[in-house]
Amino acid sequence: MKNKLSHLDWLESEAIHIMREVAGQCSNPVLLFSGGKDSLCLLRIAEKAFRPGRFPFPLMHIDTGHNYPEVINFRDKKTKELGERLIVASLEDSMRKGTVVLKTPDEPRNKYQSITLLEAIEENEFDCCIGGARRDEEKARAKERIMSFRDEFGQWDPKNQRPELWNLYNAKVHKGENIRSFPISNWTEMDVWQYIERESLELPSIYFAHERDIVKRNGAIVPITEVTPPTPDEKIENMMVRFRTVGDITCTAPVASSADSIEKIIMETASTVITERGETRLDDQVSEASMEQRKKEGYF
Amino acid sequence: MNDTNKNNTVLRFMTCGSVDDGKSTLIGRLLYDTKTILTDTLSQIEKTSKKKGMTALDLSLITDGLQAEREQGITIDVAYRYFSTGTRKYIIADAPGHEQYTRNMVTAASTAQLAIILIDARKGMLTQTRRHSYLTKLVGIKHIIVAINKMDLVNYNESEYKAICEEYNSFASAIKLNQPEVNIDFIPMSALNGDMIVDRGQSLNWYKGSTLLETLETVDTSEKTKNTQLRLPVQYVCRPRDSTNEDLHDFRAFMGRIESGLLKINDKIKVLPSGHESSVKEIRIGEKLISEATYEQSVTVSLNDEIDISRGDMLVQKEDILKGSKSFTANVCWLSESNLTLNRTYLIMHTTRLSKAKISSINYKININTLETEQAIELQTNDIANISFKLAQPLIIDLYSQNRSTGCFIIIDETTFHTVGAGMIESIE
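Just so you know, the protein sequences line up as chains A and B, in that order. First residue of the first sequence? That's 1 in my numbering, and the numbers climb one at a time after it. First residue of the second sequence? That's 1001 in my numbering, and the numbers climb one at a time after it.
Since the hints were derived computationally from the structure, they do not count as laboratory data. Every value quoted in this text rests on a predicted model; they were computed, and no experiment measured them. Just to be clear, a hint being listed does not mean it is correct.
[As the list claims (entries may be wrong)] Simulated coverage check for chain A against chain B, where a stretch passes if three residues somewhere in it have a Cβ under 8 Å from a Cβ of chain B: (1) 15-23; (2) 40-49; (3) 131-143; (4) 156-168; (5) 182-196.
[Claimed, not checked] Take a look, some chain A residues computed to stay more than 12 Å from chain B by CB distance: (6) H7; (7) G98; (8) T228; (9) A256.
All residues carry an ideal CB built from backbone N, CA and C; glycine is no exception.
Work the whole structure out from these sequences, hints included.
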């Protein structure tokens, strides 16, 4: 029999295998679920890996408090449908405890997620966090392991990573240390969209083209929300946009688009000329090494 | 990113060579000419190229990685890159070529089906070319493309190219690399000018063979052994006892990825190491029932008999003569900064099984530059040695030459839990 799996089947099988290794090797894992497209792929993989049984881990959202309501509603609906447990770790709780201190009240909160994440890991004694990061997203991610070791402080040491060979994943850790596991490491943005299409996955509505009030600031489209008001001299426009990634409101920008279906998004993705993070993640543009720096500090 | 085909197959390859051979430029060229590089990445590269005082786009910057690497101008770690063409989705493992990074090469090679070995046309075969070739053989890569790069710097001279091919072929014979199952192609190219990578260019008209991309697109990577011998290591047992669905109270299924062979409904199977037998009742991928599954698929299997199976067991066909083994000899690449010592106990991870292991003997060490064997009583980082092991638990092993997935293992330090070695089984006692 001549056998060649299609790339989607191959990637899916690899991701299922990785997730089952987490379940087989770790005693208290958790799956990071943001409501975003990559983590929705993870949930589909988890269903394929563990049904008809329950997931051997709860889901956890690191909530910055700055979310699009569509995403939060979707997160809750999806969790209910799956019948799995959701833990919400709130950045605003960390602010109340005094462990997160913002420099200014309107400072973007993305980078502080690491602190809340590390607190939740410690409190729940998680030994592994499954995340939806992909190696094609960013150059520091290109060198990331599938099972990535973090020390007691959640630090990633790029020079001292565990070698990873064949499909043998070493997830052994001591108490206090943990693993970040990335089952869709080898997927590209296009693979994600194709998988969403193939599996008919439902997405938060803001991924599709919709009308939104925006201002144009330094070449980026900035959505107008309570936490991202316009400056006095900016002109508010109403525009057809969609989001390529979802995250904290203050650092996620939409793109101009009329794509209102997965099929159209795939066509747009195919003809796009700008990377996902370059276009829509305001926080990665600060310096060439900013992702690497954040990962060293415990970011996933 | 212009490929929307949903039925690409996957090809994983590695590139061996150093920055001096133009490896980064080669990968940059592949990504650039297949239109994988998007505008914002390009504009960053343009900026940096200008900063470095270069007039043309420095494509090697595309594969530039970590801060520490940029500071030192070297690559420290394996990086993974992606592109696809409408025929295949490619995963490139980009391994640094410097001497001290043997472990990175072995890491990159472990998942690769094909290796591109770069040679600088001005310099010809170097010690590192020999080292790279030896390592690809050790890790069992069946397809090798010898990329003779920088042809522009030898005036695209055919005789220089031929001389290098000849020298390589005689070396390949000497290390028994050119076996019938190993396929070696030679391509002259200039990654800098883009000749024979994706486009043919104008300067190498005497060369009638395929371009690099054509070769990658057409190479036949099917492996015969993968179709025989069922190997299904059990990763996880599914017992949804607490389900609200009463039909599921007695449901019990075994989950894992088929490493080789085929599995069909009603197949008679055996569980190793216990030897208990049963037959296949149902096979699922997710919620979907299927009648047969093949290697590289992650499946959920239920059996017709209630037998005791747990993580670490392996399902094989009933008539298979395979048994658990507690001692074997393997070629090991030592990955750790702390030495391998004879008197320590290590953990061996093989498929989904973990066993304590002791070293019976270090039979010899290989000098990676001369390829001669040497005696050794301990191993340092990047050493390659032939070692005999004694195990606490039986492992269900094959020879690496016959089955990469069930012939490989990693060695874990019992104290730190770090991965300290990688092994390929050569003989079973």
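Consistency of the hints with the structure:
Given a C-beta distance limit of less than 8 Å, the hint that chain B covers the stretch 15-23 of chain A holds, as 5 residues qualify and 3 suffice. Coverage of the stretch 40-49 of chain A by chain B holds [criterion: at least 3 residues with CB-CB distance below 8 Å; count 3]. With 6 residues bearing a CB less than 8 Å from a CB of chain B, the stretch 131-143 of chain A meets the requirement of three and the coverage assertion stands. Coverage of the stretch 156-168 of chain A by chain B holds in this model, with 10 residues showing a Cβ closer than 8 Å to a Cβ of that chain against a need of three.
Under the rule that three or more residues need a Cβ within less than 8 Å of chain B, the assignment of the stretch 182-196 of chain A holds, with 7 such residues. With a least CB separation of 4 Å from chain B, A:H7 falls inside the 12 Å interface cut-off, contrary to its annotation. Separation of A:G98 from chain B is adequate, the least Cβ-Cβ distance of about 31 Å exceeding the 12 Å criterion. No beta-carbon of chain B comes within 12 Å of the beta-carbon of A:T228; the shortest separation is about 22 Å.
Chain B leaves A:A256 outside its interface by the beta-carbon criterion, the shortest separation being 15 Å against a cut-off of 12 Å.
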